[in-house]
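Model the full structure from these sequences, guided by the hints.
From first to last, the protein sequence lines stand for chains F and W. Counting in the numbering used here, the first sequence runs from 1 upward without gaps. Counting in the numbering used here, the second sequence runs from 1001 upward without gaps.
Think of the hints as simulated: they come from the structure by calculation, not from any bench. Treat each hint with caution, since some may be false.
[Unchecked claim] In silico EDC-like cross-links for lysine to aspartate or glutamate, where the CA-CA straight-line distance does not exceed 16 Å:
| # | chain 1 | residue 1 | chain 2 | residue 2 |
| --- | --- | --- | --- | --- |
| 1 | W | 1106 | W | 1047 |
| 2 | W | 1136 | F | 23 |
| 3 | W | 1259 | F | 105 |
All values reported here derive from a predicted model rather than from experimental measurement.
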Amino acid sequence: MTDTATAGDVSAWNKPHPNIDLDIEPFWDGLREHQFLLWTCHVCDARYFPKSFCVNHDNEPFAQNMSWQPSSGRGTIFAMNRHHLAFHPGFKDDVPYVYALVELEEGPMISSTIVGEQPEELTVLGRGVQVVFEDHPAEGFTLPRFELVTE
Amino acid sequence: MSERQRIAVVGLGTVHEAPTGSSQRMLAAEAARRAIADAGLQVSDIDGAIDLRRTGGGGDRASYTDAFTRFLGVPAQFYFTIGRGGALAGLATAAATGFLDRGLAKYVLCVGAVDDHTKAQRAKAKGMRGNAHVEKEGYWGKALGDVRAASHHSWMAARHMAEFGTTSEDLGAISVAQRAWACMNPDARMYGKPITVADHQASPWVVEPYHLLDISLISDGAVAFILTTEDRARDLAKPPVTVMGQGFGEVAADLWWEKQNYTRMAVANAKETAFAQAGLNGVEDLDFAQLYDCFTAEVLFQLEDYGWCKKGEGGPFVSAGSIGPGGSIPVNTGGGLLSNWHLGDLTGFAEAVTQLRGEAGERQIEGAQVALATGHGGELVSPGMCSIHTSTILGVS
Chain F
1 MTDTATAGDV SAWNKPHPNI DLDIEPFWDG LREHQFLLWT CHVCDARYFP KSFCVNHDNE
61 PFAQNMSWQP SSGRGTIFAM NRHHLAFHPG FKDDVPYVYA LVELEEGPMI SSTIVGEQPE
121 ELTVLGRGVQ VVFEDHPAEG FTLPRFELVT E
Chain W
1001 MSERQRIAVV GLGTVHEAPT GSSQRMLAAE AARRAIADAG LQVSDIDGAI DLRRTGGGGD
1061 RASYTDAFTR FLGVPAQFYF TIGRGGALAG LATAAATGFL DRGLAKYVLC VGAVDDHTKA
1121 QRAKAKGMRG NAHVEKEGYW GKALGDVRAA SHHSWMAARH MAEFGTTSED LGAISVAQRA
1181 WACMNPDARM YGKPITVADH QASPWVVEPY HLLDISLISD GAVAFILTTE DRARDLAKPP
1241 VTVMGQGFGE VAADLWWEKQ NYTRMAVANA KETAFAQAGL NGVEDLDFAQ LYDCFTAEVL
1301 FQLEDYGWCK KGEGGPFVSA GSIGPGGSIP VNTGGGLLSN WHLGDLTGFA EAVTQLRGEA
1361 GERQIEGAQV ALATGHGGEL VSPGMCSIHT STILGVS
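Below, the structure written as structure tokens:
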């Protein structure tokens, strides 16, 4: 995995804060350590995001037959758009940005922006992407972004 | 099972204009007052009340306290809130049917009010667009850039374009058709402002592939309607509009990554149930439709999902002029959320009642007897999509 830690995160966070609730806290802990975790069933190895019970069979109470496990962080672009308008002043310097729905190799989907080289055509789907980690140490969280994989 | 009475809409009250400084509570109470008068009832006749709030959606906006019933002195023996995103009228009708069916109420007053426009204007002064920017538990993406509904709903339009070759001009045809309807509706926000596909194309990108003219309005206003049983309905001021059938569908029945849900709404079960109850064979039995239109692509999807055209063929269907005035299936005949007012599915529900009563003026569909009014809403965790879909068949004999 590529790490693109932003050195010296001096600017104060001026965007909405992620809501890190009890279910998803371990996932965010993983991001801080540059690991991309998926909720994984020990019985059948099915992967989930977000956390849930495994739909393939009966579960132990509170889905204790599952845990957060490292994954590839690789996937393909399933759908994307390009934000031209900042709905929140924190994104004023970011527009235009591409916000993509990524189908992970393990099955689940997750969304974030595409950083680095930008896709041109919004309808050319299926391009490979890889998670990159954007550290915000002053805020205590790391955000997952995606970059295009060059073949 | 004993023969049950059908339920009918007997009163309708709408508020699109209000003195500045009107709260959601006052908007709701005023719409309620108008609906009671419209039905020829007295405030004292109302014994049940349902408050329609868009909770459970992307933003739980209508979080005020108090009840519109108290504002009016309505002696309702029950009052509760209901709603999931834009799905309001459909859910209220289903809930009220239960109370009327069991004799728990004689007249149920259902009211929804929004002051999104006022709130948005205030937010704009702080550099915000729209209302809610606090990410709630279980949500995903606001910190990353998925800030508003258009941030993820536009994926569905983009996905349909990629899979089926639908174009932005096709979506523009929906916007143009609904604006043409709005131009025959003096109450519509966009009355007197016709547009062309070229105007749609020239309107700024908001979230590409959505132009400004693909996106619904932000409004203040309220809609109230009264439901009762058919025997009581016969003696009132207006001809009753019968609830012929209702059905529901739910995206959350599938896993998060069910791919088909990016190019369809949860119509299948909703349609099957509602059409069967109403004794309809198919969409050819409908005289017009009010399809929930938070964005243009949702209209396109429903036209395919209900069967006016095949999946993937919605683009050419709308571009041929099928849903506008003079088209084969009039859709969102008051202008819809795109060009009339955005009061959730209450906009379409109220328009359906108005048409079926023959009160739609210049835009009246001649001889209209059977209509479909849909709603959906309740944004799921990203990958975000609407959750519930409601189908309500309304009719007059």
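**Item:** Agreement of residue 1259 (chain W) and residue 105 (chain F) with the hint, judged by alpha carbon distance not exceeding 16 Å
**Value:** holds (14 Å)
**Restraint status (C-alpha distance of residue 1136 (chain W) to residue 23 (chain F) at most 16 Å)** = holds (13 Å)
**Request:** Mind checking the alpha carbons of residue 1106 (chain W) and residue 1047 (chain W) for me, to see if they're no more than 16 Å apart?
**Result:** Roughly 6 Å separates the two Cα atoms, so the pair holds.
Consistency with the previously given hints is maintained throughout, with no hint failing.
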